[in-house]
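Trainee: Listed below, chain by chain, are the residues.
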Amino acid sequence: MPIFIDRRLNPKDKSLGNRQRFLRRAREELKRSIRDQIRSGRIADVDAEHTVPMPERGTAEPSFNDDKASGRRQHILPGNRHFSPGDLIPKPGQGSGAGAPGNKVSEDDFRFVLSREEVLELFFEDLELPDLVKLNLKEILAFKPRRAGFAATGSPTNVNVGRTMRNSHGRRIALRRPKQAELDAILQEIATLESAPAGAATRQRITGLREELDRLERRRRRIAFVDPVDIRFNRFDARPIPNAKAVMFCLMDVSGSMGEREKDLAKRFFVLLHLFLKRRYERTEIVFIRHTHEAHEVDEDTFFYNTQSGGTIVSTALDEMHRIIEQRYPANEWNIYAAQASDGDNFATDSERCIEFLDRRLMRLCQYFAYVEIIDERETHIFGATENGTSLWRAYSRVDLKWPNFQMSRIATPADIYPVFRRLFARQPAPARKSA
Amino acid sequence: MARQATKPGLLFSGSDWDFGKLSRVHEAIEALAIEELHLDTYPVQMEIISSQQMLDAYSSVGMPLMYRHWSFGKHFLYEELLYRKGGRGLAYELVINSNPCIVYLMEENTMALQALVTAHAALGHNHFFKNNHLFRQWTDAGAILSYLDFAKGYITRCEERHGLAAVEAVLDAAHALMEQGVFRYRRPPKLSSERQREGLRERLEYEERSYNDLWRTLPPAQGNKKIDDRDRGMADPKKSLNLPEENLLYFLEKNSLVLEPWQRELIRIVRIIAQYFYPQRQTQVMNEGCATFVHYTLMNMLFDRGQINEGAMLEILRNHSNVIFQPAFDDPRYSGVNPYALGLDMMQDIQRIATEPTAEDRDWFPDIAGHGDWREILLDAWANHRDESFIRQYLSPTLIRKWRFFVLGDAADEPHYQVASIHNERGYRKIRAALAHSYDVGVNRPDIQAVDVDLLGDRHLRLQHKVKDGVVLDEASRDATLRHIRKLWGYEVSLAAVDAQTGATINERSTRQIAE
Numbered sequence: 139m140p141i142f143i144d145r146r147l148n149p150k151d152k153s154l155g156n157r158q159r160f161l162r163r164a165r166e167e168l169k170r171s172i173r174d175q176i177r178s179g180r181i182a183d184v185d186a187e188h189t190v191p192m193p194e195r196g197t198a199e200p201s202f203n204d205d206k207a208s209g210r211r212q213h214i215l216p217g218n219r220h221f222s223p224g225d226l227i228p229k230p231g232q233g234s235g236a237g238a239p240g241n242k243v244s245e246d247d248f249r250f251v252l253s254r255e256e257v258l259e260l261f262f263e264d265l266e267l268p269d270l271v272k273l274n275l276k277e278i279l280a281f282k283p284r285r286a287g288f289a290a291t292g293s294p295t296n297v298n299v300g301r302t303m304r305n306s307h308g309r310r311i312a313l314r315r316p317k318q319a320e321l322d323a324i325l326q327e328i329a330t331l332e333s334a335p336a337g338a339a340t341r342q343r344i345t346g347l348r349e350e351l352d353r354l355e356r357r358r359r360r361i362a363f364v365d366p367v368d369i370r371f372n373r374f375d376a377r378p379i380p381n382a383k384a385v386m387f388c389l390m391d392v393s394g395s396m397g398e399r400e401k402d403l404a405k406r407f408f409v410l411l412h413l414f415l416k417r418r419y420e421r422t423e424i425v426f427i428r429h430t431h432e433a434h435e436v437d438e439d440t441f442f443y444n445t446q447s448g449g450t451i452v453s454t455a456l457d458e459m460h461r462i463i464e465q466r467y468p469a470n471e472w473n474i475y476a477a478q479a480s481d482g483d484n485f486a487t488d489s490e491r492c493i494e495f496l497d498r499r500l501m502r503l504c505q506y507f508a509y510v511e512i513i514d515e516r517e518t519h520i521f522g523a524t525e526n527g528t529s530l531w532r533a534y535s536r537v538d539l540k541w542p543n544f545q546m547s548r549i550a551t552p553a554d555i556y557p558v559f560r561r562l563f564a565r566q567p568a569p570a571r572k573s574a
Numbered sequence: 013m014a015r016q017a018t019k020p021g022l023l024f025s026g027s028d029w030d031f032g033k034l035s036r037v038h039e040a041i042e043a044l045a046i047e048e049l050h051l052d053t054y055p056v057q058m059e060i061i062s063s064q065q066m067l068d069a070y071s072s073v074g075m076p077l078m079y080r081h082w083s084f085g086k087h088f089l090y091e092e093l094l095y096r097k098g099g100r101g102l103a104y105e106l107v108i109n110s111n112p113c114i115v116y117l118m119e120e121n122t123m124a125l126q127a128l129v130t131a132h133a134a135l136g137h138n139h140f141f142k143n144n145h146l147f148r149q150w151t152d153a154g155a156i157l158s159y160l161d162f163a164k165g166y167i168t169r170c171e172e173r174h175g176l177a178a179v180e181a182v183l184d185a186a187h188a189l190m191e192q193g194v195f196r197y198r199r200p201p202k203l204s205s206e207r208q209r210e211g212l213r214e215r216l217e218y219e220e221r222s223y224n225d226l227w228r229t230l231p232p233a234q235g236n237k238k239i240d241d242r243d244r245g246m247a248d249p250k251k252s253l254n255l256p257e258e259n260l261l262y263f264l265e266k267n268s269l270v271l272e273p274w275q276r277e278l279i280r281i282v283r284i285i286a287q288y289f290y291p292q293r294q295t296q297v298m299n300e301g302c303a304t305f306v307h308y309t310l311m312n313m314l315f316d317r318g319q320i321n322e323g324a325m326l327e328i329l330r331n332h333s334n335v336i337f338q339p340a341f342d343d344p345r346y347s348g349v350n351p352y353a354l355g356l357d358m359m360q361d362i363q364r365i366a367t368e369p370t371a372e373d374r375d376w377f378p379d380i381a382g383h384g385d386w387r388e389i390l391l392d393a394w395a396n397h398r399d400e401s402f403i404r405q406y407l408s409p410t411l412i413r414k415w416r417f418f419v420l421g422d423a424a425d426e427p428h429y430q431v432a433s434i435h436n437e438r439g440y441r442k443i444r445a446a447l448a449h450s451y452d453v454g455v456n457r458p459d460i461q462a463v464d465v466d467l468l469g470d471r472h473l474r475l476q477h478k479v480k481d482g483v484v485l486d487e488a489s490r491d492a493t494l495r496h497i498r499k500l501w502g503y504e505v506s507l508a509a510v511d512a513q514t515g516a517t518i519n520e521r522s523t524r525q526i527a528e
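Sequence lines, in order, name chains A and B.
Using our numbering, the first residue of the first sequence is number 139, and each one after it goes up by one.
Using our numbering, the first residue of the second sequence is number 13, and each one after it goes up by one.
Hints should not be assumed to be uniformly reliable.
Said to hold, decoys possible - Listed next, the in silico DSS-like pairs over lysine-lysine satisfying Cα-Cα at most 27 angstroms (straight line): (1) B:K97 x B:K142; (2) A:K169 x A:K206; (3) B:K266 x B:K164; (4) B:K97 x A:K229; (5) B:K97 x A:K152; (6) B:K142 x A:K169; (7) B:K164 x B:K142; (8) A:K282 x A:K383; (9) B:K414 x B:K442; (10) A:K206 x B:K142; (11) A:K229 x B:K442; (12) A:K206 x B:K266; (13) B:K266 x B:K414; (14) A:K152 x B:K164; (15) B:K480 x A:K206; (16) A:K169 x A:K383; (17) A:K152 x A:K169.
Think of the hints as simulated: they come from the structure by calculation, not from any bench.
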């Protein structure tokens, strides 16, 4: 009789540790794949599983192997039909030479799925997000514990004393647990009897009373005052925090001066904002507005990949945004977020218009307006901390001073993106004090 | 409902399995195997697993427990992909050479399949593991599971103590040398019992804790240092190193100067696992052949006795013929000789030779032709052969004709292959020898040995690759592997390719020439 063991209920994912080690090892390559996918994919798709090709660098397992294209060897094959000894058979297409790369290609076909958490981890890596923020973003839903009745099990901190004592009381009555008053009465009686002159009847009475007292006390010991069955705990339900709707406006300057690098940085900035909004709101929509000297609402592909020539008038985009808000996203129903990316060029006279427009109209409607100026890495030390800058930067600086929900920053590398969001991720919206 | 349909005598009907049926079937099959085939097996432990768990087992080289390493994660992804795409079905079973013999059964199998698998793994493979001389001598079925348990725990502790990266570096290097980490000619020492191992480890830890270079009281010798070194060096440089050494992992474990005790232990773990699998690699045809022969014979017997019904038998036969499917060399599905098919054919052929030999068989196999008792011959073959010797001894002309084997000469510098032998009078022996040769693991894997260490100078380790028939090593993987060896050795390592016949050095590659 063999031993049977049913392993099906054993914990799953025995090889999870191996997977994590593998991902860690192939990290750089996976990061590149994810980056490429984010660059070519949609903003909203980042927050999902991704299929990536099997990384090759750093994951080879070398060993001493024969070179297939050297020396003399023999193959023993089944299924001879018409060969005789001495027959020559030409090698197919320079044989092994063509064979080896052929194998490679099939290995390239290997793609595997990274979970949402793994993708985000890789995506966050060079954005240098603080851990708490990463955790916040990876969390799918926010829950808040809410009282939901009582439970018979729970942790000691959640004991509901009132309910427990009520149960205890009921049980004591049902089981006729002698009350303290009864005992006291008997003791009292014994005391009075003992103080009175002794007689046979009295003594008998006292013995009787003592026996009664003894019985009652034993009964009290057997029936606990609070029994484990009485104890009730407060039960808590994890309720998702109610979410509302949010709309995110992506505004971008698409005039010729915005190159691939600039667009890539801008895209990451938008992705991060979208991730954040998606976590906080049940429903998020994205509106893409691109502008040159005129602004249009476009779809995502056009937004990132179609170039358009023309001058740069930023206020057109703000106008367009305002028009769309009026039309589709009433501010009392929607949380409005705006993210603007630009290289800072603008007609000097238009910058004034922008300030005015933001000040008068838009900032009142927006929860948050983030402006990033994408600059060359070489320019970082020039622009470093000074308030000098492009015309748009100087203009927006004034808005920044006035409106706490306005954020602006210069971005040269991916790591610069996060500081723009710092206030957004802060637990409590900070009061009007602003960091420069 | 199923019970009503079960005819008396039938072990089961319907396709669903349960533990009662499994147990009944195992008992019937085991009784039959002992009675009819005289099999001798370890006790069996059957474990029911899901496909996910089967994939897990696949990725950790088929062992129920294994230490953690990224390469297993990578293999898991490959296996999972192949499986998901439908490119490869999962095995119905997995069997482990241990005592008790562990057999994994997939939960998806139908009852008929479970019966087939029980006969195949729990009896066929099990008998082979217990009786074949290679497994008996080179592996320790009783100790392997507890050893793996120790290995897993030890490596986890190392990771906690020295960090993932440090452990990974040693394991990567050791994995690269797994092929060169087995004793081919002398027997490996037996796995020590858990107690001994515990003691050894404690001693190791104590030494690690107590050794401190500050306590060295002898001042380093000044003037006569050189002479000393020379004296010591001259006395026993090679003797203590035991050169040449074919087991590179063993050599590095024992002699490397840069390894910490825990790093040596890691290498030892990899080496022992490599050694454990070495017999399996040498007995693919025999092992699978034995198991296939056993399941085929037993299932037919059960059917003849009316213990399984036609439906189940049909399903068993369909699966059986899938397993032993052998496409011809020009078929797109061809991927080498199917060990199940070759093994089964050879064993059935022995059965035929023993009972109804032809004149040719009498000529070729005077010992066994017409012997009558094919069980005895097979039991003897299973116990005493590996693939190479089994084929060399028992591949008959009948079978060569049936398979239409032919030998193709392939010289790298010529534009075409040449047919060397076919299934004719002149070719039989050549084909048999060539096929046997191709199953000789010692011949197939590159022969690399440590031959010299410069003890007086820069501790340069010299390896030698004996080049047979002009087959050299693949350069990219050779260089990468040499880099790994250098990590373990700590000093320069070079590999010389030497022609096995003439002794002439073909080329030499040193880690100095390879960029880190």
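Trainee: Give a verdict on every hint.
Mentor: Hint check results:
Using a Cα cut-off of 27 angstroms, the hinted pair K97 of chain B and K142 of chain B is violated, with the two alpha carbons roughly 37 angstroms apart. For the hint pairing K169 of chain A with K206 of chain A, the CA-to-CA distance comes to about 34 angstroms; that exceeds 27 angstroms, so the pair is violated. Our distance criterion of 27 angstroms between C-alpha atoms is met by K266 of chain B and K164 of chain B, whose separation comes to about 22 angstroms. Distance check on the hinted pair: K97 of chain B and K229 of chain A sit about 32 angstroms apart at the alpha-carbon level, beyond 27 angstroms; violated.
Restraint check: the Cα-Cα separation between K97 of chain B and K152 of chain A comes to about 22 angstroms, which is no more than 27 angstroms; the hinted pair holds. A hinted pair counts as satisfied when its Cα atoms are at most 27 angstroms apart, and K142 of chain B with K169 of chain A does not qualify at roughly 49 angstroms. Distance restraint check for K164 of chain B and K142 of chain B: the Cα-Cα separation of roughly 25 angstroms lies within the 27 angstroms cut-off, and the hinted pair is therefore satisfied. With a CA separation close to 19 angstroms, the supplied pair K282 of chain A and K383 of chain A stays within the 27 angstroms bound.
As the CA atoms of K414 of chain B and K442 of chain B are separated by approximately 16 angstroms, the hinted pair is consistent with the 27 angstroms bound. Between K206 of chain A and K142 of chain B the CA atoms are separated by roughly 37 angstroms; this puts the pair beyond 27 angstroms, and the hint is violated. Between the alpha carbons of K229 of chain A and K442 of chain B the distance comes to roughly 23 angstroms, so the proposed pair stays at or under 27 angstroms and holds. A threshold of 27 angstroms between alpha carbons decides the hint, and for K206 of chain A with K266 of chain B the separation of about 33 angstroms lies outside it, so the pair is violated.
Straight-line distance between C-alpha atoms of K266 of chain B and K414 of chain B comes to about 51 angstroms, which puts the hinted pair past the 27 angstroms bound. With a CA separation close to 13 angstroms, the supplied pair K152 of chain A and K164 of chain B stays within the 27 angstroms bound. Only pairs whose Cα atoms come within 27 angstroms are accepted, and K480 of chain B paired with K206 of chain A is accepted, the gap being roughly 13 angstroms. Under the criterion of a C-alpha separation no larger than 27 angstroms, the hint pairing K169 of chain A with K383 of chain A is inconsistent with the structure, at around 32 angstroms.
For the given pair, K152 of chain A sits about 25 angstroms from K169 of chain A by alpha-carbon distance, which is consistent with the 27 angstroms threshold.
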